[in-house]
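A.B. asks: Residues per chain are reported as follows:
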Amino acid sequence: MAAPFDMNDDNVIVVIGTGAGGGVLSNELAQRGVSVVALEAGGRYLPEDYVNDEWESFGQLAWLDPRTTSGDWRVARDFSGLPAWIVKAVGGTTTHWAGASLRFQDHEWKAATNYGDVQGANLADWPIDGDEMAPWYDKAEKKLGVTRTNGLPGLPGCNNYKVFEAGAKALGYKEVHTGRMAINSEEYDGRMACQQTGFCFQGCKWGAKWSAAYTDIPRGEATGNLEVREKAHVARILHDDSGKVTGVEYFDADGNLQMQKARAVCVAGNSFESPRLLLNSASSMFPDGLANSSGQVGRNYMRHMTGSVYGVFEQPVKMWRGTTMAGIIQDEARHDPSRGFVGGYELETLSLGLPFMAAFLDPGAWGREFTTALDAYENMAGMWIVGEDMPQETNRVTLNHDVTDQHGLPVANVHFDDHPNDVAMRAHAYERGAAIYDAVGATRTFPTPPYPSTHNLGTNRMSENPRDGVVNKWGQTHDIANLFVSDGSQFTTGAAENPTLTIVALAIRQADHIAGELSRGNL
Amino acid sequence: MKDISQQRGLTRRELLSRSMAAGASFVVGAGFVASPDAAWALETKALQPQTMATLIQMARDIYPHDHVGDEYYAIAVKGYDDAEVADTVEAGIAALDAAAQGKGHADYLSVGWERDRVDILRGMEDSAFFQQVRGGLVTGLYNQKAVWPLFGYEGESYSKGGYIDRGFDDITWL
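So the sequence lines, in the order shown, correspond to chains F and X. Each residue of the first sequence is one higher than the last, beginning at 1 in our numbering. Each residue of the second sequence is one higher than the last, beginning at 1 in our numbering.
Any given hint might turn out to be false.
Derived contacts from chain X toward chain F, CB cut-off under 8 Å, selection only [claimed, not checked]: (1) Asp-126; (2) Phe-129; (3) Tyr-142; (4) Glu-154; (5) Ser-157; (6) Gly-162; (7) Tyr-163; (8) Gly-167; (9) Trp-173; (10) Leu-174.
These stretches of chain F come out as covered by chain X in the derived footprint (C-beta under 8 Å, 3 or more residues) [to be verified]: (11) 189-203; (12) 423-431.
Facing chain X, from chain F, some residues (calculated, C-beta under 8 Å) [to be verified]: (13) Trp-55; (14) Phe-58; (15) Gly-59; (16) Ala-62; (17) Val-163; (18) Val-342; (19) Ala-358; (20) Val-440.
Derived from the structure by calculation, the hints contain no laboratory data. None of these values were measured; they are calculated from a predicted model. Note that beta-carbon positions come from the ideal geometry of N, C-alpha and C, so glycine has one too.
Given the sequences, and given the hints that come with them, work out the whole structure.
C.D. replies: Structure (structure tokens):
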């Protein structure tokens with residue numbers, strides 16, 4: 001049967017969310033002849049709809065449904081209702097992402113083994129490794145058109161990169177280049193090359209950056225095997241008396257409750273919504289939520305150790321011109337405990353426009369110390385720090401029954417405290433970042449606190465032993481055979497790398513597994 | 001003269017004839033605030049003109065940019081000239097003036113040195129009123145497209161074809 005599918009068609013796979021995980025999974029299943037209904041909470045926006053304006057775009061794309069926060073992270077104070085800067089739209093956060101596409105380093109798949117006992121950290125090894133993932137990374141890099149892979153050239157360096165590169169080389173850093181980016185350095189896969197417009201975070205108006213919104217989603221739809229239902233907010237996953245998942249209830253665009261039957265359900269709503277949905281699906285049979293016999297649903301929330309460093313120079317940089325994140329220093333990404341912490345971090349170029357710089361440079365600050373920084377905006381260069389943070393059981397997404405969303409559902413509360421390892425790594429990265437800019441004549445540098453999270457990971461983590469996590473090495477929940485997790489929430493640990501490439505590789509691999517299980521009659 | 005209230009403008013002569021000086025920075029008259037050189041004027045509906053003038057000064061003292069004219073600060077706070085919030089704002093500015101009087105000044109606007117005004121603001125920075133004004137300015141001031149060029153920021157570039165041929169890599173001083 002071809003899309004659209006009947007609500008009572010219990011042959012379909014329901015995928016919840018259409019971003020790097022769900023969007024790719026939906027297409028990859030559809031390409032393999034599997035019938036898919038993808039339920040997307042947001043609407044559909046394409047390059048012609050994107051706007052080169054930070055706040056206007058934020059209003060268009062960001063997930064702004066209520067959430068609450070707690071913990072010692074500064075986001076809980078400065079942006080208490082906005083723990084994450086992620087997207088509610090077809091294509092999910094692949095509209096907003098910067099395009100940095102890095103493979104995990106081999107040692108990062110086995111953090112517990114390689115880092116040893118880190119007090120207060122709930123480290124575990126992934127049940128998969130670099131060898132297992134290599135062919136799936138190959139497919140993901142081809143799909144995304146990642147520069148510096150498959151013979152694709154690197155992007156040219158913009159002004160912000162040139163400052164960053166000069167400082168890095170002055171300090172002796174060796175692994176410095178314009179990144180492995182899912183942004184076309186030349187025409188690729190029917191999409192044009194980057195025009196150095198800036199505004200990568202606001203949706204690429206040229207389509208030069210890979211986004212599921214205008215690649216995987218329409219390709220899946222073109223097969224006739226994928227139906228995407230927009231503005232469909234899933235409220236609950238349903239199950240039968242045997243504990244098998246049977247479908248989902250969702251609110252449609254008009255706010256009416258609908259029920260779609262399913263052969264299997266794949267959850268890919270990012271690391272707040274995915275555990276929230278499992279918890280909100282609690283029943284008399286599963287009073288603690290679905291797939292939660294381990295008690296790990298919602299726990300081990302990771303957001304990467306992040307922060308930014310901005311430097312001011314005597315002359316203009318105009319950092320907003322050009323590809324936002326096409327610049328990387330990888331020398332600090334290694335695991336080298338002599339620095340006083342386990343794991344490592346990447347340094348990547350970053351710029352914000354004036355409106356967001358005012359909001360995020362030092363939230364809450366005022367007076368001349370703050371405004372003289374903005375006075376030098378034109379002479380500023382910027383970099384982002386992204387490093388491995390420690391999973392902690394107490395960093396977690398729970399249901400806040402005191403606050404409900406527009407559908408009356410309890411919202412996610414996101415609790416986060418920095419681990420001492422995160423604090424030590426951030427201090428090191430701030431010092432290095434400032435040194436890089438000082439080496440090329442910065443007159444002032446700013447160790448800027450983490451923004452609302454863009455990398456949300458780990459709240460339904462993958463584990464060998466069902467006791468330690470929520471899903472197995474296929475993203476299949478340990479408790480319920482026809483319930484899968486397909487987004488970054490399945491990350492066992494976060495590694496130092498931007499997560500999208502790994503999410504995409506896992507989604508392609510999961511699609512292959514699910515299609516195989518269907519054909520073998522196991523699902 | 002730029003009439004930033006987007007209502008009927010006052011002529012320079014009207015303005016001067018109706019004006020009464022209140023502090024060095026602003027001309028405050030019956031139903032309006034203006035710059036002393038009459039370059040701009042803002043008519044008030046719900047707020048006392050003196051209150052609006054104080055609010056504009058407060059906005060500048062929170063986010064002082066010496067190359068950004070008062071009119072942009074006036075635009076940033078003119079949304080408070082609204083019957084819904086006028087009582088809150090009048091009370092907030094009254095508290096500010098009271099704090100100034102507590103330090104021996106006639107009112108906030110008459111405090112001559114920025115550092116003394118900032119001292120007064122520091123004393124009330126945890127108040128809901130201060131945080132409302134400060135928080136509102138983050139977008140009210142910095143998201144004004146007319147302000148962006150004053151900081152060198154160029155805004156959208158898609159309609160101009162991005163910077164691929166317009167200087168994305170034109171840095172010369174490195």
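A.B. asks: Which hint numbers doesn't this structure obey?
C.D. replies: Those not satisfied are hints 1, 2, 12, 14, 15, 16 and 18.
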